[in-house]
Each structure stands twice: as C-alpha cells, then as structure tokens.
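Here the structure of chain S is known, so what remains is to put chains A, G, B, P and C in place on it, guided by the hints.
Residue numbers (this note's numbering), protein chains in the order written: chain S, 147 to 272; chain A, 147 to 272; chain G, 147 to 272; chain B, 147 to 272; chain P, 147 to 272; chain C, 147 to 272.
Because the hints were derived from the structure by calculation, they are not lab data.
Check each hint, because a few of them may be wrong.
Unchecked claim - Below, a sample of chain B positions facing chain P; criterion: calculated Cβ distance under 7 Å:
hint, residue
1, H155
2, A159
3, M173
4, H174
5, N216
6, H260
The beta-carbon is built from N, C-alpha and C at its ideal position, and this holds for glycine as well.
Protein chains: 6
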Amino acid sequence: MYSLTVCDHIMIAHSLPDPRFGPAQGMHGATMAVEATWRRHELGPLSIVMDIGEATSMLATVLDALRYENLDEHPDFVGRLSTTETVARHISDKLRERFDESEFAGLQVLLREHPGAWATYDVNFG
Amino acid sequence: MYSLTVCDHIMIAHSLPDPRFGPAQGMHGATMAVEATWRRHELGPLSIVMDIGEATSMLATVLDALRYENLDEHPDFVGRLSTTETVARHISDKLRERFDESEFAGLQVLLREHPGAWATYDVNFG
Amino acid sequence: MYSLTVCDHIMIAHSLPDPRFGPAQGMHGATMAVEATWRRHELGPLSIVMDIGEATSMLATVLDALRYENLDEHPDFVGRLSTTETVARHISDKLRERFDESEFAGLQVLLREHPGAWATYDVNFG
Amino acid sequence: MYSLTVCDHIMIAHSLPDPRFGPAQGMHGATMAVEATWRRHELGPLSIVMDIGEATSMLATVLDALRYENLDEHPDFVGRLSTTETVARHISDKLRERFDESEFAGLQVLLREHPGAWATYDVNFG
Amino acid sequence: MYSLTVCDHIMIAHSLPDPRFGPAQGMHGATMAVEATWRRHELGPLSIVMDIGEATSMLATVLDALRYENLDEHPDFVGRLSTTETVARHISDKLRERFDESEFAGLQVLLREHPGAWATYDVNFG
Amino acid sequence: MYSLTVCDHIMIAHSLPDPRFGPAQGMHGATMAVEATWRRHELGPLSIVMDIGEATSMLATVLDALRYENLDEHPDFVGRLSTTETVARHISDKLRERFDESEFAGLQVLLREHPGAWATYDVNFG
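Next up, chain S with everything else stripped away, as it sits in the complex (with noise of 0.2 Å):
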C-alpha cells in the first residue's frame, strides 16, 4: 500500500454549546492543522499517489470554505456540534466529491487543534 499526504491549515472560531464540554462552550477558536492522505494499493502511470500540488490544490479548495470562518455561522455546521471530529469527516466528504475513488483505497484527514490533541477520521473505498 502506498500513501501521500499534504498539510495545509485553518484558523476557525466555533463554540461547543454543551454543559459537557465545560469551558469550551463559549466562543473561543483553533487553528485546525490539516494533514490528508490519500492511499492506493499500486502506483499508476507516472509512479505516484497523486500529483502533490493537485493534491495540495484539492485540500485548498476545501479549505477554502473554511478559512476565518466562525463555524457557529456556517451554513455546514448551524445546529451541529462542530468538534475536531466532525470537521474532519467533513473535510473527508468534501474532499471525495473531488476526485475518483476507484483509484485510490482510502483516504484520512488528521486535525491537530493544538500541539497535544489531534483527531482523525479514515475511510477505505470499495
């Protein structure tokens, strides 16, 4: 199995509006790391995963819907709870609308929301 990742970043405001999340549910913010890797069991034409800035262009693009955003406001997160997690499913989900899945065996996206915690959420294909 063969991987590539890219990193990229994003600098969101949320809040976490319940009890359980303690000092966390008032309005506070993250810069949100991203790491997201692609996997493919072989290697095609030109011996790669993915071109690196095709994939680093792809990841922008996502992120582009998210960058200085106040999550509590955005259209894909109103009345959701938008823990680390759920960012990164979504950027799972945006991502795969972008290329096709039956080259590729899988796919993770990694937030780290602060030198000490990162979350991530990985998807095989097929």
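Relative to the frame of chain S, chains A, G, B, P and C by itself:
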C-alpha cells in the same frame, strides 16, 4: 473510523541488563513522549471519540505511577526488561482498565524515546 | 547566558476589524502555542534558571485568563487589535508581574499561530 | 501489534522528466527524511521489536547507496521516475533483503520530501 | 523587541566541488525549509511587525527564483559555493530589496537542510 | 552574523537531591535532545560556518562521554546538581576545548528535556 490522540510524557531511569543491549545495560534514562490514540467506528452523542479533557486526564493518571521513577525498582517492572515496547504495552493495559472497551474499536500507545526512534503497541477491541 | 523555556497553549476567538486584515476581519480563531523563555546571566543556588514546575505553573496561571476566550469581549483586549504580537506582549507583561526581574536578564514570549507563522516579544531587564 | 520506528535522511538530486511534473521536470533535489517502521505481532525474547541499534544500522546501510546521489544516474533508477513513492518502495525492498520476514508482521517506509508532504510504502508479510 | 516569522521551502540540486566536502562534491540536492524573521523595536499602527500575508508573499516571491533549480547553473550561484549559509545570505539580500529597512530592526533567514542541521544569516539594520 | 546548528541526543539517569525538586529528587532519567550552534561574523574560505560533518562529529565525541550514563556517578557531575542548565554548560565547555574560538563569535548549546521544556547556555567569544 475516527480517532483521538492526546500527549503527555514521563522521565524515567532504568537499565536493560542483557549483554545484547550494549551500553544500555547500565543505569541510564529516557524521556518517553507518550501519544495515546483511541479509535471508534462511529462518534457518540457529543460528536467526539472521547472528551479531550477526559482522555488527557486518564492518560495523566496512568502515567503518574511512572513519572520520575526508576523502573528497575518499580513493582510493575522488577525482573522484567522495561524496553520501550514493554512500557507502551504496560500503559495500554493500564489505560484499558479505565474505559469501557465496548464503545471503542481500538487503542494505540506510542512512545518516543528520542527524536529519531519510537515504538507502539496497538490493540483492536471486540 | 542561560535560558529556560516552557510551553503551553491557548485556543481563542477574535476578529481583526481593519480592512487591511482581509479575511481575518471577521470572527475567527486560533490555537496559540506559547513558549516562554526566561534568561539569566548566572544560575542560582539550585543550578537552574527557574524551577520548570514553577515556570510552567506561572505561565499556566497567566494563560488561564485567556483560555477559551473571545478576545473581542475580553477586558484586556476590548477596543484593541488582538494581533499575535499584541497577545505576546500582553502575556509578557502579565508574566512580569509574577517574578522578581532583578534575578533575570530577560524574557521572551513566542506565539505560534499556525505551523508556518509565529511572533515574539522579547524584553531585556535592567 | 507492536512496532518500532527509526529515522535517517538522504539528500539527493533528480529530475522528473514528464510534462505533468511541471517545474519538477528539470534537475532539482530533495532532502528525504526517512522513517522505517517494523511491525511484529508479539515481542521476542528481549522484549523488543528489533534492536534500535540494529534497525538504525540496517536503515543506514540501505541509505548509504543513495546518499548524495543524482538518482538520474543511479543504476537502480536510470530510466525510471524516482518519485518519492518509488524511492520509498525501493528502500523497503532493500531493507527486506536484510532481515527475516518470518519474524515480522510488516514494514512501512515513510519519506518526507518537505515539511508539508510525505509518502509511504507499506507491506504486510505472510 | 518584536519579531514575526513565516515559513516556506525550496527543493534544489547543487554540487559543492571542493574535496573537503567529501561525498557532497557530486551533484546532489536538498529541501531547504526556510524561516524568515523580521524584527521591530515597536509595532506599527496595525499592531503588527508585518502583515503575515505580505511576509509570506514576499518570501515566496524571493524563493520562486530558486524553486526546483540546479544552483550550479543558476546565475546567482555560478562559480560560487552554494552552501546553506550562502543561500541563507542570498535570500536575505533579496528580501531586503523588497521592504523599507528603516521600519525594522533586523532580519534573520534560517535554512534547515535536514532534520538535524540548519544555518542562519542574521543582520541588524541601522 | 552566520550560524550553524547540528543535533544529537543523550539518554541519561540522574537524581536531583534537593527537596525543592520534589519528585525529581529520586533516581529518574531524561532524553536530552541537544542542539549545538556555532556563530561567526563572516564565513571562511569554503563559505561555511563549520563543516556539518565536523560539527556533528565534534558534538558526538563530546556526548559520547555522557551517553547511557548515570550522572550521579559520572566524574564530571559527582556532588553537583546535574540540572539541564548545568549539563548544557558542561557540553559547551567540552566543545570549546575542541575548536579555535578566535574563528567564531559564539556558541549556544540547547537541551530539550521533554517536548515542552528546554534550556540553553550561550556564550559570546572575544
């Protein structure tokens, strides 16, 4: 599959008394940077794998028994080789006493013993 | 010259309401990874710059006032631009209320706002 | 499952002579930071996956054939695209000539070509 | 003193044709991870050292002339040893053509050539 | 001003027998990740601060005397508090026996004792 990782560290002394460990046979020590990762197939009601505060606290509690210890004299390691792999397994076993495995898909414990070497112990549940 | 650095982080929301900040004008957020560095010309009786536990605790206490906050509504930032540089200066000023500068040569506060950008405020004493 | 990872790096020149590689078609170069990970289902008599010194030495020996090389002229890459994925596979193949696979569950080779992009080749044994 | 740092990277080929460089005499390459730091005594009207977007763009523009290049054939390095130190100085000189030094206290350019080695060139203004 | 930094690490045991060190009074240990930085006002004939191989080798030679040691029994630390700051100073002193200071402007030794804390000792020459 979703995952959540939180980090902490311990600073321990130990010796590895087998000739095959060469210079590590004598009393020396290590900072072991610890990353604990919980996996779940689906998120729960709060849209999280586990509360980051709870995960951090659970890991800290388990590590408290090892912080600033000489593992050669620690009851859980007397007479055993306290390799990085063994310590990773030990931390995993102790963590598993503290949460309900039926809610999770697996657990990984990673220990970095220096900037260029690390070990993991990974277990799938159910 | 000796120095000691300890790390922590805050996760804040804020806006930067000046047209020159472009997309950062609206409500967004950041994880600010904080590194505080104390400098001394000579070590004291315990052969340290400062006790790491004490330094970590002092930094945590100062950061507690900012954790999970919306800086736009924070009394120390209302009506001011809470740029990374300004927050670094603020943390430095608050730290300086908590130790005896006559024992130290200087203090640096570094804030990483994302993996590829950070700011510092550095002051020499005496 | 247990794993052990050790790190090293190579600094190579190469070109990627296909129009789809854009500016990377010409002679350029890369530092490839290498992480090799061995996996085992159970630990052996010394309670390790592999001796760190032995793993580091094995990886270094394999990388010695690539250090400071122009891959366009390297016998193992002449006429082939030396993409990061291909180099990862090559290092994996060369490592596999040097240990007994029957003792291990798998091997992963990760190559970071810059701070924001990396590739892996991963193989399960048996 | 305040500072702001932004990051980027280049991937270059070069040779260091002096016998004292040993294996680095031949054509090889490097990813040079670049950190550019501007210093100011006092912040300006927007409470910043420099706009992060502007700093990132300025650094990218300077690096564009080096990306994916063979420095042995690059007009700015023909006949010169393109050591990491020299490239750091070169990037610093090129950056200084693009901002008004009277507003700043100094500039540092740091280049990481591999995970365990880096060089800087630092200049104070005025 | 130019600088060159190279990295290595040591894994040592020690105790800090003063009540004010709390749990660190007993025998414990640390991985100390070491960064040694040489500074020069101007580059020499090869356009470098120091040869990276030579710097790496010099640092390794100095660290060899500390690797896998119990500092409580090490002749250079018996009866002294082997704090991170003291070890940094010790490494600096030992390095300075091995190069001609008249060619350099200064030397910094940085020791990371865990991912969130590090100390430096810095000296200017001449």
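Results of checking the hints against the structure:
no., hint, result
1, H155, "holds, 5 Å"
2, A159, "holds, 4 Å"
3, M173, "holds, 4 Å"
4, H174, "holds, 4 Å"
5, N216, "holds, 4 Å"
6, H260, "holds, 5 Å"
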